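Asks: Sequence:
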Amino acid sequence: MQQNSFVELDNFTDLINKIFNTNDSALYTDVYIQPEQPVRLRITSNQWADFEISSDGAAPRKLVYTAGDLNKLITNLFSKREQTPQSGGKWNDLLEKNNGCLHPMITLDAPGKTEGEVIPFRVRCTLQKQDMGGIGLMLRCLRPVAETLSELGLPETLSSICNARSGLVLVTGRTGAGKSTSIAAMLNQINKQRSSNIVIIEEPIEFIYKARMSRFTYREVGNDVDSYANAVEQALRYVPDVLSIGEIRDAETMKAAVRAGESGHLVFGTIHAANAMGAIRKALGFLDTHGEKLAFATNVVGVLAQALLPTTNSHAKSLAFEIMDFTAKQNGVTLLAETVEKMLSPQSDGTELQNFEKDFLSQQRRIGVGSSPYVQSLKYLLKHKRIDLSSALSLIYDSSSIKELRDIANILN
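Take 1 as the starting number for the sequence shown in UniProt numbering and just add one per residue.
Hints are computed from structural coordinates only; laboratory data are not their basis. These numbers come from a predicted model, not from an experiment. A couple of the hints might just be wrong.
[To be verified] Each pair of labels, with its calculated beta carbon distance range:
{"#": "1", "residue 1": "Asp224", "residue 2": "Asp250", "range": "17 to 23 Å"}
{"#": "2", "residue 1": "Gly133", "residue 2": "Asp224", "range": "29 to 35 Å"}
{"#": "3", "residue 1": "Glu233", "residue 2": "His384", "range": "43 to 49 Å"}
{"#": "4", "residue 1": "Lys90", "residue 2": "Asn11", "range": "15 to 21 Å"}
{"#": "5", "residue 1": "His290", "residue 2": "Gly134", "range": "49 to 55 Å"}
{"#": "6", "residue 1": "Tyr397", "residue 2": "Leu294", "range": "24 to 30 Å"}
{"#": "7", "residue 1": "Asn163", "residue 2": "Arg215", "range": "17 to 23 Å"}
{"#": "8", "residue 1": "Lys385", "residue 2": "Gln130", "range": "37 to 43 Å"}
{"#": "9", "residue 1": "Thr66", "residue 2": "Thr175", "range": "26 to 32 Å"}
{"#": "10", "residue 1": "Lys129", "residue 2": "Asp250", "range": "49 to 55 Å"}
{"#": "11", "residue 1": "Tyr238", "residue 2": "Thr312", "range": "19 to 25 Å"}
{"#": "12", "residue 1": "Lys385", "residue 2": "Gln128", "range": "40 to 46 Å"}
{"#": "13", "residue 1": "Thr351", "residue 2": "Ala211", "range": "45 to 51 Å"}
{"#": "14", "residue 1": "Gly134", "residue 2": "Lys342", "range": "43 to 49 Å"}
Cβ atoms here follow ideal geometry from the backbone N, Cα and C, with glycine treated the same way.
Starting from the given sequences, assemble the full structure and let the hints guide the process.
Replies: Here it is in structure tokens:
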């Protein structure tokens, strides 16, 4: 056994507690474990660090699992999932039957940072065969659902989007940006404010909600239903008021989401894009006909783009965001619907979306009351020295916004 292998951490609950209850835990989004290599922690979308552990005042050492230690950890993981010790050894058979990849979701009660405190953790695991016969394990720990939008650093102006009774809400950002967490907070706001039938469609189910004024139905893709698109179509027969789609990643799901929003349901969904405009372009790209594209533009009520940035001199992350709010209409239509209609006309010069994007970034023409581009939240974070200039510039691509941020940084220096 290697000197810095810690077999006492073959208990899955202990491992989660060690990693996610440290002073730095707010930085971590994912944990990657593979044999004979230091355990890796994702800090930002493109930054990883080795996990170090110390005890009895000893110098910190990197945590490394041998192949045998990792097998014990996975066995313990599956024992907790099935709540029977004898079930833990079955994971190898399950792995073979599922093309070398499993996605178990584990619920744990881990000790908190204060005496007697218990923190409920849901841990999303990805276990796969790799490295020519080896095993790799990826973990993502999901915090409890936020009680308020402001708890996550989101503006209360999002409330107008949550108050919509129909339409489509897209949340976008890179992997690990907290998209699902933000949707959970918005759904929880609805849960606290009105009586709704809310259907959650995810792969796997991540957040479990405490029912207040609303009631929740959970449908897990791969377990309860075979695809997101079919889950949306089937959910419409369940008389939902609100639908939440874990990920819109293909044309069929996008079309189903638009139909649901158009038929009187409020639909939330995540989509991978760098910013709000990227989300709109990607959504339109999934749609084939003029009618589908116009239906999307007419029924989308909001787009939230977000990113988690390392906070300067702090063990935390800062949330940067941009919002397109389409809840307000002028003459019965939104600026996006007007733009897409012009884009689809025979007289189109092909610049409509570019002009719309320029209006949004410059705010020369208000997209909606609660709308604001990334640069607005980045200016606030920069002025309050929450982030540095390089982090702020990582989200910006237009010259005007870059100049604004550089000017602020120069004043602060």
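Asks: Against each hint, give a clear statement of whether it holds in the structure.
Replies: Each hint tested on the structure:
1. Asp224 with Asp250: 17 to 23 Å: 19 Å, holds
2. Gly133 with Asp224: 29 to 35 Å: 33 Å, holds
3. Glu233 with His384: 43 to 49 Å: Because 46 Å falls inside the window, the suggested range holds.
4. Lys90 with Asn11: 15 to 21 Å: 19 Å, holds
5. His290 with Gly134: 49 to 55 Å: 50 Å, holds
6. Tyr397 with Leu294: 24 to 30 Å: 28 Å, holds
7. Asn163 with Arg215: 17 to 23 Å: 19 Å, holds
8. Lys385 with Gln130: 37 to 43 Å: Cβ of Lys385 to Cβ of Gln130: about 41 Å, so the range 37 to 43 Å holds.
9. Thr66 with Thr175: 26 to 32 Å: Holds, since Thr66 and Thr175 (Cβ atoms, about 29 Å apart) stay within the stated range.
10. Lys129 with Asp250: 49 to 55 Å: 26 Å, violated
11. Tyr238 with Thr312: 19 to 25 Å: Between Tyr238 and Thr312, where Cβ atoms are some 47 Å apart, the hint is violated.
12. Lys385 with Gln128: 40 to 46 Å: 41 Å, holds
13. Thr351 with Ala211: 45 to 51 Å: Cβ of Thr351 to Cβ of Ala211: about 48 Å, so the range 45 to 51 Å holds.
14. Gly134 with Lys342: 43 to 49 Å: With a Cβ separation near 55 Å, Gly134 and Lys342 fall outside 43 to 49 Å, so the hint is violated.
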